[in-house]
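*Asks:* Top line first, the protein sequences correspond to chains A, B, C and D.
The first sequence begins at 11 in the working numbering and counts up by one.
The second sequence begins at 11 in the working numbering and counts up by one.
The third sequence begins at 11 in the working numbering and counts up by one.
The fourth sequence begins at 11 in the working numbering and counts up by one.
Just so you know, the hints here were simulated from the structure itself, not pulled from any lab data.
The model shown is predicted, which means the values in this text are computed figures rather than measured ones.
Keep in mind that the hints are not guaranteed to be accurate.
Claimed, not checked - A partial selection of chain A residues facing chain C, derived with a Cβ cut-off under 8 angstroms:
(1) 18
(2) 20
(3) 29
(4) 32
(5) 43
(6) 47
(7) 49
(8) 51
(9) 56
(10) 60
(11) 67
Stated by the list, open to error - The calculated lysine to aspartate or glutamate pairs, modelled on DMTMM-like cross-linking and capped at a C-alpha distance of 20 angstroms, are:
(12) 167(B) - 338(B)
(13) 208(C) - 346(C)
(14) 289(B) - 346(C)
(15) 289(A) - 37(D)
Glycine included, every Cβ here is placed at the ideal spot set by N, Cα and C.
4 protein chains.
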Amino acid sequence: MRTETVEITGHLMDSGILSRVLDDIREYDGDYVIDRFDVGHDAGDISRAVISVSAEDDEALQRLLMRLQTRGVNQVDPGEAEVSVCEQDGVFPDGFYSSTNLETEVRLNGSWVLVDNPEMDCGLVVDDSGATARVHTLPMADVKAGMKVVSGASGIKVRVPISTREEGGFGFMESIVSSEKPQAVLVRQVADGMRQAKEAGKKVLWVGGPGVVHTGAAPAMVELVKAGYVDVLFAGNALATHDIEAALYGTSLGVDLAMGQGVEHGHEHHIRAINTIRKAGSIKAAVDQGVLTGGIMHALVTQGKRFVLVGSVRDDGPLPDVHTDVIEGQRAMRAELADVGYCVMVATMLHSVATGNILPASIPLVCVDINPATVTKLADRGSSQARGIVTDVGLFLEQLAVELVPDHRRR
Amino acid sequence: MRTETVEITGHLMDSGILSRVLDDIREYDGDYVIDRFDVGHDAGDISRAVISVSAEDDEALQRLLMRLQTRGVNQVDPGEAEVSVCEQDGVFPDGFYSSTNLETEVRLNGSWVLVDNPEMDCGLVVDDSGATARVHTLPMADVKAGMKVVSGASGIKVRVPISTREEGGFGFMESIVSSEKPQAVLVRQVADGMRQAKEAGKKVLWVGGPGVVHTGAAPAMVELVKAGYVDVLFAGNALATHDIEAALYGTSLGVDLAMGQGVEHGHEHHIRAINTIRKAGSIKAAVDQGVLTGGIMHALVTQGKRFVLVGSVRDDGPLPDVHTDVIEGQRAMRAELADVGYCVMVATMLHSVATGNILPASIPLVCVDINPATVTKLADRGSSQARGIVTDVGLFLEQLAVELVPDHRRR
Amino acid sequence: MRTETVEITGHLMDSGILSRVLDDIREYDGDYVIDRFDVGHDAGDISRAVISVSAEDDEALQRLLMRLQTRGVNQVDPGEAEVSVCEQDGVFPDGFYSSTNLETEVRLNGSWVLVDNPEMDCGLVVDDSGATARVHTLPMADVKAGMKVVSGASGIKVRVPISTREEGGFGFMESIVSSEKPQAVLVRQVADGMRQAKEAGKKVLWVGGPGVVHTGAAPAMVELVKAGYVDVLFAGNALATHDIEAALYGTSLGVDLAMGQGVEHGHEHHIRAINTIRKAGSIKAAVDQGVLTGGIMHALVTQGKRFVLVGSVRDDGPLPDVHTDVIEGQRAMRAELADVGYCVMVATMLHSVATGNILPASIPLVCVDINPATVTKLADRGSSQARGIVTDVGLFLEQLAVELVPDHRRR
Amino acid sequence: MRTETVEITGHLMDSGILSRVLDDIREYDGDYVIDRFDVGHDAGDISRAVISVSAEDDEALQRLLMRLQTRGVNQVDPGEAEVSVCEQDGVFPDGFYSSTNLETEVRLNGSWVLVDNPEMDCGLVVDDSGATARVHTLPMADVKAGMKVVSGASGIKVRVPISTREEGGFGFMESIVSSEKPQAVLVRQVADGMRQAKEAGKKVLWVGGPGVVHTGAAPAMVELVKAGYVDVLFAGNALATHDIEAALYGTSLGVDLAMGQGVEHGHEHHIRAINTIRKAGSIKAAVDQGVLTGGIMHALVTQGKRFVLVGSVRDDGPLPDVHTDVIEGQRAMRAELADVGYCVMVATMLHSVATGNILPASIPLVCVDINPATVTKLADRGSSQARGIVTDVGLFLEQLAVELVPDHRRR
């Protein structure tokens, strides 16, 4: 039996975090003794718990400690980080430290080094080639033989984002998802979050699925692009194709957007739309050639905004801009994360989870979908900062445009 | 083997109705031969099919013929209606004709008599006490011994409402339900339907569940009441209680409507709200006494509008206005159907199905819910005229108020 | 500002209960100071928190204290219960104590009196006519002028059921709902729970919806009735009607159970089945007369088991056994609760919530539905002991019969 | 206005196909006159309709004709196919014929040539290098400059699979999806379908999502592999990872499969499982090295069965066997389709739609999911032969193993 003393600090009393920590210990077949519990007496106070956790052997203990760090639990005496050398490209050493999406520091040679670009389920690569050591996250696929990677849970500290619930700011919910919320208030809160991000000089990242087009929200989204509230869009082949199909033929998977008469599917329109863009060479080329003259993708191109389209196995075509290699696609997405200050995910489970996987926990995150399962899944996968809004995507974006675009008029 | 010749007329080619008729025959273990099929050659033309249907014996055939009448299929030679006398209160004679919600005529003594108030799953009661015979629908629970009731399928003709799909009007969908529709267009169509009903001097019937209050849509609904677009409301104890709870305490099942912070449930507020109204004697009395000063129920009372609240087994209290006997409640609902020209069902499966059960097929019907199952269920129960809109109730009603109430301003 | 000191004892560290208590205080606009927190050091230890809670005035404080009691939070110095006299039939005095479903004691004249039949959202009626005072819960509708009812939160103690999570027994989940669970294990746990209840001489209560019949599970359920695992059934008109319809005509809302070919709906079969039973006089009479010879209702009658059918506003007919007055129906349900030791709810939201409303928290409760929302709703309404299983009802009951009925053979 | 005469033959009366054809014409802004309609008089008879369809110009007409062919509608006088030469790699000529998943013939030089491997949304590539011309489908991404591709709708005939509904065989439903079906009957029908495919010397193709593992169905699936009912598996990184994680650590995303106690997510186990397989080099290598000793993937390897894993943007790792390029992945999937005689899709929307995209309509297809939306989406995307079963995946596979594996015993 091996034991380590850990601590956790924060609004422990009212966040339910402690029960999750103890659940984790149980799940990993560990045991615990609560050594101290300094309770914040008043509602706004910080509490601190010191807990001795035990596991069968050192390997089990190290893994349990890594797990607890995803909750913001640190070792009282973290010691020095242990570093191993990778022996194979694309393979971490056994016992590698699996990273969290929290702000992380690593103790190397007695100094705490802040980890660049926090991301969950990565390795921590130590670069000591310069005067001062640096540490950054790296996904498994990108690691190379010879790289130095942190092993075990020693010498690591994480910091949980400060919850602003008590401060009247944007209150993150922890997986509280419901369609039974006053939706107009939620729209306003998202609008406020975007405004604050922009005022702070940050970028707003959108992640969207084809439902954005199917629900007739493309015009609202175009206005949001033009008003500067869409700096980057992550999507798949489907959103871009249906948007372009609608621009070229006035249909989206056969839904006649002007009349509101839906039909089953649109066979042939979408495949022809893709062929047209492939012929032009790229979405931008199609805009430049005057082939594509409207819609969300057109707005992004003409406004000089960024987009990353990553393919999936169900894609037709795909559009020439689509990354068909998903690992390449993930790299392209990571490259756009710098300076993102707000993220909104709309009508897509696949790309929402993909973005949640690479996003630091410090970035406010709202997930909007008519399907509660999408939002629940996101939170369950570790994006605990995610706020879920179960609502109609079309009406939500329409209302958001009313909030954010001064001269937005109802179509 | 007994055989009867039936016919069906209408847009048979493009409505899929014929395949449903043949499915019915199969389901009832019957057989058929298509004797004639006069096809409407052009898109707008009417088609007519003449079909010989057979079943094992006369009882089976009569039941199959009744079933086919729900599709608008009539006997070519309907003959005279057969009338039986009820022997027990609340029990129809064996072989009674089970009614449809379509416009129906019964042939008695050589004359066709139009049936009053079409309603499905009822008996047709013949009143020949006056100079001319009259026929009206009557639910099973209300029949009395000695009443004359139509038996078998002879002597009966039904007429399907004219589909206006081709005429560019309000196109009813047959169970086509999707959240992937341009929602703004659907909002406008509902607004148009309500306006047309009002212009025609008809009443607008609302059927609502507590989600109307939970989603923060009560203020929008209050404005719609004041603007005259809510003539009658059918609901249960829950909608009224949560509305009154919100008016008295600013909460609805614990959802703080001003802040958008939801909590699990509200225990105690709602039971106290009910007690308060019971003390006053009725919702109207509570308004008159100045106890209840806001919300949907208050608006209905002050605007002189009608409401029927029918209880369910899960009710607390209930409010004094609630019909605790469901059969009494159904009678109270039926009493409000005269002159209804448009019906919208919002966020309730129970009361939507209940209303669908008693509504003639001639009344346009829209069902709005975030849960696709609610809408599907309604259509499956026989309300084939129902149009389903899968969307967020809160945002939908907000948008509807924007469409219908000239000076509606966003909260 | 009024203040009271409360305490809570239990597995506070790992149940998340404390964060809910503090959420409640915030929701009621109260404030708190944590005076003491004695932490159970080891995993199985009991913790105890002493908290000073404040609210604006005495009324607000009393209501907050009542609210906290639903979480098992008691006043450190509860004092004597205050008793008020009802002035109107069916109306509690202002400030009445709204009961929880927990084991409750009331202090009267210096003695603690255990409350009979705990039920949430009721009043506590004091009967001091005998030698010793007695207290029992009473729903609002049943209170009479002159009755003595507890007011405010003083003089009341509640006790939360002992969680058996650590003891390896049947672990209740708190609203953890998922279709992604090893379903076979869950079936076995339900079977074990039923066996334990029967071995303890307790009754098994079933609450069922029509999905039991639609999914083809009626034969499995009949076997469970015969094997003695269904002592009482709570249901509506629909389950009984579709079961009887299937027994009489081999159909259930048009689903041909032998072939697995579903059709939309069954119009006419169900209304005729109801008429047949009404003619017989009751379900039992139909069995006695040889009219009804199979199905779930037949099995209940022939095995001498109990059932309570309560109507709803969407009912056709209804069957003669159905309570059409929902308040009468609730009374009939309450009358069957004595000695119930296990409750399983299958495929019904309406009757599940209704039963959850009247069931003491001490009775293990499992809710089985293919729709996650049903299970979530039940837990949100206060039945926090509910365990949810999201699965296919037909296959679940089939598997349950395999577990519980020795000679059960696959059809 | 351009006009063409088309015909359709089959069970037009009872399949609803004609109404869909006319809907398509309306959707494409076309017009029609029904020239002839030869009705099959008896229930089993074949009907034939001859329709003149018109569209604004030739391009619109050609596209409408292509659309109608997805319904099985052919030109009465199809003429000769028109062939264009591709000018760019990966781009079809404007006006290319967009293929269906139906059996297709192309008329070249007066002869009808059967198209190899029908697949929807592809081009038809003509290879006239040999003695006799051959035509095969090719997805857009794989076309090369210089290839000859069919343009327009002339010279093409399709044939709809013979519905066996009347013949008592495996009845395909057209998008009829319901959880309210007798599930045991549906299990048996799937078992029968698999047995028939095996008896005919055909392969059974499975498409699976991680829910197979989460619901505890892996042991049942392993038995089905061993019994020879899984010839090929299409899946993503998730199914394989969770299966391997469960085999290595006894967990799957943190669900403890033995105890049935679910937790939120499993962080760290799955990423370590992936690293372990990457270190081994491949799943087969891990089996050969004795690293992986159980689970579905192990069974496939040891039984010499095929699997194709295709990645998605949300993947961690991924496993070394995963195709990270989705277009490569589609090619790998296509390569396994030869001799597939039955396809079952379980608990995955992404890979089900992907497989539906490439599967000929002639292969029986069953989609099993607890979420109705998955099944609906599949049918809406053009896999009209899909039969949907909304049920619990874990219990379904358990029951399927009971049906198909003689010595299968309940765990």
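*Asks:* Each hint needs a verdict: does it hold in this structure or not?
*Replies:* Each hint tested on the structure:
Checking residue 18(A) against chain C: minimum C-beta separation of about 12 angstroms lies over 8 angstroms; hint violated. The interface hint given for residue 20(A) is broken, as the beta carbon of that residue sits about 12 angstroms from the closest beta carbon of chain C, more than 8 angstroms. Hint status for residue 29(A): holds, given a least beta-carbon distance of 4 angstroms to chain C, under 8 angstroms. Because the beta carbon of residue 32(A) sits about 4 angstroms from the nearest beta carbon in chain C, less than 8 angstroms, this interface hint is met.
Satisfaction of the interface hint for residue 43(A) is found here, the shortest Cβ-Cβ separation to chain C being roughly 5 angstroms, below the 8 angstroms cut-off. Given the 8 angstroms rule on beta carbons, the hint for residue 47(A) holds: about 4 angstroms separates it from the nearest Cβ of chain C. Against a cut-off of 8 angstroms between C-beta atoms, the interface hint on residue 49(A) holds, since the closest Cβ of chain C lies about 4 angstroms away. This hint holds: residue 51(A) has a C-beta 5 angstroms from the nearest C-beta of chain C, less than the 8 angstroms allowed.
For residue 56(A), the interface hint is violated, since its Cβ never comes within 8 angstroms of a Cβ in chain C; the closest pair sits about 12 angstroms apart. Given hint, residue 60(A) at the interface with chain C, is violated; its Cβ is 10 angstroms from that chain's nearest Cβ, farther than 8 angstroms. Violation of the interface hint for residue 67(A) is found here, the shortest Cβ-Cβ separation to chain C being roughly 19 angstroms, above the 8 angstroms cut-off. With a C-alpha separation of about 30 angstroms, the suggested pairing of residue 167(B) with residue 338(B) is violated against the 20 angstroms cut-off.
For the proposed pair residue 208(C) and residue 346(C), the alpha carbon gap of about 16 angstroms is at most 20 angstroms, so the pair holds. About 30 angstroms separates the Cα atoms of residue 289(B) and residue 346(C), which puts this hinted pair outside 20 angstroms; it is violated. Our distance criterion of 20 angstroms between C-alpha atoms is broken by residue 289(A) and residue 37(D), whose separation comes to about 26 angstroms.
In terms of the numbered hints stated before, the structure departs from hints 1, 2, 9, 10, 11, 12, 14, 15, listed from lowest to highest.
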